[in-house]
Structure formats: structure tokens, C-alpha cells
Amino acid sequence: MSRLMLKLAVADAEVLGSRFETSQILIQIPGQNPEYTGQTGCLQFVSPELGIRAFDVYEKIDSNGFYLVDDSYPAMSNISYTFYFYPTLTHNSTECASIDNKYIVTPQLIGNNKTNPWRITRSAIPYVGIKIQVPSEAVTLGISVNNSVSLDFFSSIYKDDNGYFYSNNYLAYYNFQYDFIFWSAPPNEANISNQLPTWPIMRPDLTNDPWVVNNPN
1 MSRLMLKLAV ADAEVLGSRF ETSQILIQIP GQNPEYTGQT GCLQFVSPEL GIRAFDVYEK
61 IDSNGFYLVD DSYPAMSNIS YTFYFYPTLT HNSTECASID NKYIVTPQLI GNNKTNPWRI
121 TRSAIPYVGI KIQVPSEAVT LGISVNNSVS LDFFSSIYKD DNGYFYSNNY LAYYNFQYDF
181 IFWSAPPNEA NISNQLPTWP IMRPDLTNDP WVVNNPN
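Residue numbers (UniProt numbering): 1 to 217.
By construction, these hints were calculated from the structure, which means they are not laboratory data. It is possible that some hints are incorrect.
Quick list of the computed label-pair ranges, beta carbon to beta carbon [stated by the list, open to error]:
| no. | residue 1 | residue 2 | range |
| --- | --- | --- | --- |
| 1 | Leu196 | Thr115 | 50 to 60 Å |
| 2 | Thr198 | Lys114 | 45 to 55 Å |
| 3 | Tyr158 | Ser72 | 40 to 50 Å |
| 4 | Pro216 | Ser123 | 30 to 40 Å |
| 5 | Pro48 | Glu137 | 21 to 31 Å |
| 6 | Lys60 | Asp209 | 45 to 55 Å |
| 7 | Asn215 | Ile192 | 15 to 25 Å |
We put the CB at the ideal spot given by N, CA and C, even for glycine.
Please put together the full structure from these sequences, using the hints given.
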């Protein structure tokens, strides 16, 4: 967004705020374990009435995972908002709109100024659990989110009678992609020599909870 457009959006918010009662927005950011693996550095708001604004939220989140938006982007009743969370090491809010499509997004929400602040929790963000069909010879499962070099490791020996591993504290989010990697050795011994055949990168099915990931091999 150009500086002129940004000033106009702020001016519009101030004009609207002078006509109607407004509240601040307090929004809970994904990124607090065990809810989500990734790091949210940038938060973008989209509203037909107020325009687009981006905020650098890195290291500005309270102990409960909430970020308090300043008065320049208020909550007003009957105005729609969509929130985009960008898990990226790019914390520059001016670059938020140009980041690729690796983000978490809320459905369109209607503003609420009956309380101040308008409190939006993680329950507004679509997500499901993950249930993975583990290869019979696998001992370790690694999950990579959005092609990250960082992996979350699980001992895949804890699977049910049908060969599925389910972790109720690991969640899949809309628009993310997941890479599942398996080894025939424990996590502390996992390396390229005991890595099993790779799976294709997958996007979650949010119509079912948990998302059941079947072995494609």
C-alpha cells in the first residue's frame, strides 16, 4: 500500500470513528505452542470499508498470545474484517502484502464494538487435527510446514491398531502445506541413510477433523 493510500485509509477510519462508536481490536496470534508451529511476524487486516493495513507483530504479543491493534484501525459494528497471519521471518509490515501465499487466514468476521477491545481468539481460525497413516517400518515421523528446514519430530511407534498416528496438539491450518517424512530409526538416530520414501507435499482437508492423511505409496 502506498503512503497516500495508507493515509487515506487512516483518515477514513478516523471519519468513521467520529460517526460511530469504535473499539480497539485484540487478536490472538497463532504461534503459541501447541496450537501452531511456525512464527507469525506480520498481521494484515482487510476490510472493504477501512482498506488494507499491515502490522509488524513480532515480539509485540502478550503472554496469552494476543496483539492489541492501535486506534488507527478500529473495530466497528456491521463492518467486515478478514485477518491474514504471515508466518515469516520478514517482520517488515510494509512488505506484508507482497509475501507469498503461505499464510493463515480467518473467515470474514463482522466487527463488534459492544466490548472494548473486540477480542478475537484462535477459535476464529479454521484448523483441524492431523491423523497420519504411518508406514509399518517407520519409527520416527517428521513434519515440515511450508517447506521449512525446521522439522517437528514425533515417535511414530505410538499409532493405533490401524497404523494411524494422531497428535491432538498438532494442528493443520488452511492454506498451509505439509511435508511428512519418515525414518526407520529413533529421532536421535534419524538421518538420510534410514529415511523412508518421501511423500508428496500436501494441503489439509479442513472439511473433516481430524484431517486423515493416507499413505500414498
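| query | Can the suggested window of 40 to 50 Å be confirmed for the beta-carbon pair Tyr158 and Ser72? | reply | Between Tyr158 and Ser72, where Cβ atoms are some 48 Å apart, the hint holds.
| query | Is it true that the C-beta distance of Leu196 to Thr115 lies inside 50 to 60 Å, as the hint says? | reply | holds, 51 Å
| field | Asn215 versus Ile192 beta-carbon gap, inside 15 to 25 Å or not | value | Because 21 Å falls inside the window, the suggested range holds.
| field | Range hint 30 to 40 Å (beta carbons of Pro216 and Ser123) holds or violated | value | holds, 32 Å
| task | Confirm or reject the claim that Pro48 and Glu137 have a C-beta distance inside 21 to 31 Å. | result | violated, 53 Å
| query | Taking the CB of Lys60 and the CB of Asp209, does the distance hold inside 45 to 55 Å? | reply | violated, 31 Å
| Falls inside 45 to 55 Å, the C-beta gap from Thr198 to Lys114? | holds, 51 Å
Going down the numbered hints, you'll see the structure goes against 5, 6, while the others check out.
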